[in-house]
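Visitor: Now for the letters of each chain:
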Amino acid sequence: MEKEQNNILEEVTQGDYKYGFYTDIEMDTAPMGLSEDTVRFISAKKNEPEWLLEFRLKAYRHWLTLTEPNWAHLHHAPINYQDIIFYAAPKRKKELTSLDEVDPDLLDTFNKLGISLEEQKRLSGVAVDAVIDSVSVKTTFTETLSKYGIIFCSFSEAVQNHPDLVRQYLATVVPATDNFFAALNSAVFSDGSFCYIPKGVRCPIELSTYFRINAANTGQFERTLIVADEGAYVSYMEGCTAPMRDENQLHAAIVEIIAMKDAEVKYSTVQNWYPGDKNGLGGVYNFVTKRGMCKGSHSKISWTQVETGSAITWKYPSVVLMGDYSVGEFYSVAVTNNFQQADTGTKMMHLGKNTRSTIISKGISAGQSNNSYRGLVKIIKRAENSRNYSQCDSLLLGDKCGAHTFPYIKAENHSSIIEHEATTSKISDDQLFYCNQRGISTESAIGLIVNGYAKEVLQHLPMEFAVEAQKLLAISLEGSVG
Amino acid sequence: MLSIKNLSASINGKEILKGVNLEVKAGEVHAIMGPNGTGKSTLAYVIAGRQGYEVTSGEIIFNGRNLLELSTEERACEGIFLGFQYPVEIPGVSITNFLRTAMNEQRKYHGLDPIPAKEFLSKMEEKKKMLELQDKLTNRSVNEGFSGGEKKKNEIFQMAMLEPMLAILDETDSGLDIDALRIVATGVNKLRRPDNATVVITHYQRLLDYIVPDVVHVLFDGRIVKSGGKEMALELEEKGYEWIKSQL
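Protein chains in written order, with the numbering used here: chain V, 189 to 670; chain P, 96 to 343.
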């Protein structure tokens with residue numbers, strides 16, 4: 189009976205990737221490999237102004253001087269950057285004015301993912317900027333938003349239509365020289381989203397973008413820039429799934445958020461890229477730089493993430509609390525299964541006085557995976573009366589996985605308060621027996637217990653995302669259950 | 096309804112049950128008494144199908160089915176309910192969500208559709224009222240931060256919601272003050288029907304002032320050594336378990 193229990197646990201924690209399908213769309217691709225020519229090719233392809241090409245070239249030259257960071261608790265084969273296609277765009281026959289003109293295969297892909305643009309458009313009141321392999325396919329609701337003066341479009345469009353805004357804010361939070369992957373992204377970023385909320389405007393709908401990696405050997409270099417001007421508010425959601433691939437795919441995105449005085453930005457992610465198979469073969473390498481800047485006083489930036497995918501996750505959504513009384517939040521659930529590795533956490537940099545930050549991190553490890561929380565809370569001398577509360581919990585399923593916590597704390601004044609709590613727990617046999625005795629199967633019980641464990645984080649997600657995330661947690665760990 | 100014949104079971108190679116015989120008919124309430132460590136909880140766990148217990152001989156037939164061939168959750172779906180001596184905490188899972196999941200899994204087992212939300216909620220209201228439970232209880236996480244009394248009341252509430260054929264209540268009276276005991280007992284009595292049965296495990300006679308059993312058994316050293324009517328419980332209380340020992 190004990191053996192049977194172990195078998196069930198093993199079975200339910202070794203699910204195959206549910207979204208493993210591949211859309212065959214003609215691609216317009218850059219030659220393989222990375223050189224100044226590649227950078228120029230991408231910039232030319234996108235018809236970019238001279239200053240942006242210069243920005244890219246500078247980043248590329250700087251990148252050449254850097255080496256991959258190796259401090260994370262991650263292990264992978266070396267990445268050959270000459271073996272990657274740095275730009276791929278679905279071939280467009282003409283400008284799209286309605287969904288009817290979108291490639292039917294593409295629409296089919298969305299349908300499999302349960303993301304029908306039509307339905308989204310009609311029912312949910314959510315503007316969707318669907319990014320498939322680098323080029324924004326369709327942006328909806330732009331008209332509604334423009335009534336409020338809100339700009340929400342693909343990054344490429346923003347470069348064409350709002351070059352001054354882009355130039356003013358680009359790389360002000362994550363400089364091109366920030367780190368190896370940020371430099372790489374700055375050199376070759378293909379597309380992404382741009383969002384600007386003007387002074388005093390409360391964005392009336394949740395903004396959302398679905399990213400999807402969809403071409404063999406195609407690195408993904410998305411770039412997102414969100415600016416909330418004084419007193420503005422926006423809730424932004426990003427969700428992603430990717431089809432099954434045997435080769436490892438590299439993803440190095442940048443997300444920058446700027447919140448001016450009294451502004452608030454809520455950024456939510458559900459990340460479900462292909463994690464590799466049961467034996468650790470394939471899967472996405474996800475090296476992402478996400479950072480927000482609370483520039484003005486009383487501003488607030490909140491990150492909520494549910495990370496279930498990718499073979500390797502290297503990701504630390506951070507907040508620079510520059511303005512006095514500004515607030516930074518980080519809510520995270522990271523699930524690793526089979527041979528997945530995640531090194532994720534946050535940095536809260538308290539620069540302003542009376543700044544506050546909250547960190548709630550929930551790691552769930554199963555299979556033979558490794559799940560690390562890495563966080564930095566730094567309070568500088570002038571950031572008097574600042575506060576941080578951190579809670580890092582780890583949940584283990586089975587006895588072959590690992591959970592690690594690397595919290596760094598640096599406080600340079602005496603008036604600030606920092607609290608840190610950490611727990612490690614297992615799903616106990618008692619809990620499973622209790623659920624089984626009520627008629628709940630072991631698979632459902634694990635889903636139930638894991639969702640309960642992650643509730644503190646899930647409740648920060650926008651409603652429709654929360655439902656999706658709950659399903660995803662169950663799927664990631666249950667697998668055999670559809 | 097329940098027929099246990101010559102049941103022996105061990106844990107980690109240690110024999111705990113040494114040939115238990117027990118017959119429970121529909122509509123009956125049985126009490127199993129006995130000192131600590133004689134196998135009362137083991138008997139409950141073996142009937143419910145807890146892992147780690149090895150049945151070395153005997154059989155358990157429940158409504159014509161061989162229970163020993165069924166998994167824990169299948170037994171639950173067949174109508175076996177165990178009221179836990181130490182109910183388990185499940186942080187972040189509300190009682191409402193827990194019970195709805197349990198109920199729907201049981202319905203699925205019987206080929207039924209999930210219970211409509213409205214029906215579920217009104218059923219919950221009805222049972223809460225019956226057991227005089229606070230409104231907020233069902234929004235709380237399962238047993239998390241519950242007092243001993245609240246945990247036991249929650250067990251009875253789950254029993255009321257799931258409407259089992261056979262409820263086994265393992266030391267439901269332990270850790271209860273008189274008021275909580277009364278509520279638990281009233282619940283059990285109200286849930287009593289001609290087509291269901293209850294086995295109450297206890298080592299005090301106290302609970303039996305409120306739940307009147309049809310049959311009282313004494314479990315001692317892995318065997319049922321004596322069975323009798325409700326008056327036997329009183330005799331036990333008066334004379335102590337030494338009396339049983341001296342008779343063996």
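Hints are computed from structural coordinates only; laboratory data are not their basis. One or more of the hints may lead you astray.
As the list claims (entries may be wrong) - Calculated cross-link-like contacts (lysine-lysine; reagent style DSSO-like; alpha-carbon spacing at most 30 Å): (1) Lys213(P) <-> Lys120(P); (2) Lys218(P) <-> Lys643(V); (3) Lys659(V) <-> Lys100(P); (4) Lys120(P) <-> Lys285(P); (5) Lys449(V) <-> Lys335(V); (6) Lys643(V) <-> Lys566(V); (7) Lys223(P) <-> Lys643(V); (8) Lys113(P) <-> Lys100(P); (9) Lys614(V) <-> Lys231(P); (10) Lys614(V) <-> Lys203(P); (11) Lys643(V) <-> Lys100(P); (12) Lys643(V) <-> Lys203(P); (13) Lys120(P) <-> Lys659(V); (14) Lys643(V) <-> Lys231(P); (15) Lys588(V) <-> Lys569(V); (16) Lys231(P) <-> Lys659(V); (17) Lys203(P) <-> Lys224(P); (18) Lys569(V) <-> Lys598(V); (19) Lys535(V) <-> Lys659(V); (20) Lys659(V) <-> Lys113(P); (21) Lys109(P) <-> Lys614(V); (22) Lys643(V) <-> Lys224(P); (23) Lys541(V) <-> Lys598(V).
Visitor: May I ask which of the numbered hints given earlier this structure violates, with the numbers listed in increasing order?
Guide: 1, 3, 11, 13, 15, 20
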